[in-house]
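**Student:** Make a model of the complete structure from these sequences and hints.
Protein chains in written order, with our numbering: chain P, 1 to 327; chain D, 1 to 83.
There may be inaccurate statements among the hints.
[What the hints assert, rightly or not] Restraint ranges, calculated between C-beta atoms of paired labels, are given here:
#1 D:Leu42 / P:Thr186: 21 to 31 Å
#2 D:Lys55 / P:Ala63: 45 to 55 Å
#3 P:Val59 / D:Leu42: 21 to 31 Å
#4 P:Lys171 / D:Leu13: 39 to 49 Å
#5 P:Pro121 / D:Ile54: 25 to 35 Å
#6 P:Val59 / D:Thr6: 24 to 34 Å
[Claimed, not checked] Below, a sample of chain P positions facing chain D; criterion: calculated Cβ distance under 7 Å:
#7 Thr39
#8 Tyr45
#9 Leu56
#10 Phe316
Since the hints were made in silico from the structure, they are not lab data. All values reported here derive from a predicted model rather than from experimental measurement. For every residue, glycine included, the Cβ atom is placed at its ideal position computed from N, Cα and C.
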Amino acid sequence: MIRHKIVHHFLPHFLVDSEFAINSGHAQKLHHRAHAISTFSLFAYVQLVLVLIVSLYFVHLKAPKILGTATFSADQIIALTNQKRAQNGLGALSYNSQLAAAASAKAANMFAENYWAHFSPSGKSPWQFITAAGYRYVFAGENLARDFDNADAVVNAWMNSPSHRDNLLDKNFKEVGVAVVSGKLTGHDGILVVQEFGAGVSQQQAKIVQAPAVQAEQSEASSSAKEATESSQLTVNSSPKEESAPTINSEPITVNQTATVLASRQFSIAKIISFGLIAFIFLMFALELLITFKHEHLRVRPAVIAHLAILAFVLFALWYAVGGAIL
Amino acid sequence: MKRIDTLSYSLLLSGIALGAVAFLKFRFNPTLQLEVIVALALYYFIWGAVYHFIKRDFSHKLMLEYLLISLICVGVGILVFYL
Numbered sequence: 001m002i003r004h005k006i007v008h009h010f011l012p013h014f015l016v017d018s019e020f021a022i023n024s025g026h027a028q029k030l031h032h033r034a035h036a037i038s039t040f041s042l043f044a045y046v047q048l049v050l051v052l053i054v055s056l057y058f059v060h061l062k063a064p065k066i067l068g069t070a071t072f073s074a075d076q077i078i079a080l081t082n083q084k085r086a087q088n089g090l091g092a093l094s095y096n097s098q099l100a101a102a103a104s105a106k107a108a109n110m111f112a113e114n115y116w117a118h119f120s121p122s123g124k125s126p127w128q129f130i131t132a133a134g135y136r137y138v139f140a141g142e143n144l145a146r147d148f149d150n151a152d153a154v155v156n157a158w159m160n161s162p163s164h165r166d167n168l169l170d171k172n173f174k175e176v177g178v179a180v181v182s183g184k185l186t187g188h189d190g191i192l193v194v195q196e197f198g199a200g201v202s203q204q205q206a207k208i209v210q211a212p213a214v215q216a217e218q219s220e221a222s223s224s225a226k227e228a229t230e231s232s233q234l235t236v237n238s239s240p241k242e243e244s245a246p247t248i249n250s251e252p253i254t255v256n257q258t259a260t261v262l263a264s265r266q267f268s269i270a271k272i273i274s275f276g277l278i279a280f281i282f283l284m285f286a287l288e289l290l291i292t293f294k295h296e297h298l299r300v301r302p303a304v305i306a307h308l309a310i311l312a313f314v315l316f317a318l319w320y321a322v323g324g325a326i327l
Numbered sequence: 001m002k003r004i005d006t007l008s009y010s011l012l013l014s015g016i017a018l019g020a021v022a023f024l025k026f027r028f029n030p031t032l033q034l035e036v037i038v039a040l041a042l043y044y045f046i047w048g049a050v051y052h053f054i055k056r057d058f059s060h061k062l063m064l065e066y067l068l069i070s071l072i073c074v075g076v077g078i079l080v081f082y083l
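**Tutor:** Quick look at the structure:
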């Protein structure tokens, strides 16, 4: 009896319609779906998800350390970038303190003006930060990342995006500067990574080669600012003759070579729980479909196929979910 | 009726396939990915209402089932892509 009850929770089953049997004298079997996907259970799953959302939100807000902490540095980003370049037969980028200062200034400005874009709302371009730091370039580029919990994930995300990959593996770039900054950006606490690439004038005085994938020319920077903001990566050639130094509001944020990520395991926890729940519901509906197919006298409920389709999509989405954003 | 079934499921699966492509295109933009999930959950719910209305087996209980599954999908989307 107990075994039957447990089985009925997970498998569709058939019960004798007692009312029909009494009235007609014949037993008629009614098809019942597994209790685990009854309307009541689905409602319970919705409540469970709501509780998880609220709990994670408050834990993240009040005691993020419970969800883990991780530390990563600008040096790790540079080392991994050079590792990827070496794997592709390219020379290593050397650290440049002016580009690092430009990256830090850009990060500070992003927090001050609260934006997630290559161009600031007040129209400051990445090249203004590079020039303001005293770096005269022939080629320059910028990659941005946020909310990742380790350096590997940042560089892998850039490598998986064609335009960012182009920057990482651009043979014209000779130097790099990176800022890894923690703070609150567009309503989210997290880590911001700014990577500035460059080839200084002194390194390329003799020959100026056209960059292979130039997305924004400096001379057209102001007019094409909007279009460039929407692109995922920026490369520019030739330093402008005169640039105004961007004014940066001082805000209480941490600008360091190393940053600590709070709640670093939040994404993995949310992903694993969500994947487990959706996979379980998917499996229950799939079992209903399979068992109904095996019994010729039963008809497949049309809703089951639709449910399986949307649940399959969500499983796919969760599988490919990445814990961060790049620009 | 079979023709309606074929057409309806083609529409549903095409929408979901399109959503999957959009999801991959926005792979490194969690905000847009969440928007894709919300849009698809809404599409699935509306599809369910229209399909069962045409099939004349529309019931509030069935719509509640669609609504709850839509909410679960949006909920896990918020959990993973927004928080």
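**Student:** If you check the beta carbons of valine 59 of chain P and threonine 6 of chain D, does the distance land in 24 to 34 Å?
**Tutor:** Because 48 Å falls outside the window, the suggested range is violated.
**Student:** Given a hint of 25 to 35 Å, does the C-beta separation of proline 121 of chain P and isoleucine 54 of chain D actually sit inside it?
**Tutor:** Since proline 121 of chain P and isoleucine 54 of chain D have Cβ atoms about 48 Å apart, the given range 25 to 35 Å is violated.
**Student:** Does the beta carbon distance between leucine 42 of chain D and threonine 186 of chain P stay inside 21 to 31 Å, or does it fall outside?
**Tutor:** holds, 25 Å
**Student:** Using the nearest Cβ pair, does phenylalanine 316 of chain P come within less than 7 Å of chain D?
**Tutor:** Cβ of phenylalanine 316 of chain P sits 6 Å from chain D, so the hint holds.
**Student:** Tell me if the beta carbons of lysine 171 of chain P and leucine 13 of chain D are separated by a distance inside 39 to 49 Å.
**Tutor:** holds, 44 Å
**Student:** Can leucine 56 of chain P be said to touch chain D, with a Cβ gap under 7 Å?
**Tutor:** holds, 5 Å
**Student:** At a threshold of 7 Å, is the proposed contact between tyrosine 45 of chain P and chain D supported by beta-carbon distances?
**Tutor:** holds, 5 Å
**Student:** When the nearest CB of chain D is found for threonine 39 of chain P, is that gap smaller than 7 Å?
**Tutor:** holds, 6 Å
**Student:** With respect to the beta-carbon atoms only, verify the hint that valine 59 of chain P and leucine 42 of chain D lie 21 to 31 Å apart.
**Tutor:** holds, 29 Å
**Student:** Mind checking the hinted window 45 to 55 Å against the Cβ distance between lysine 55 of chain D and alanine 63 of chain P?
**Tutor:** For lysine 55 of chain D and alanine 63 of chain P the Cβ distance comes to about 51 Å; the hint holds.
Checked against the numbered hints listed earlier, the structure breaks hints 5 and 6; every other hint is satisfied.
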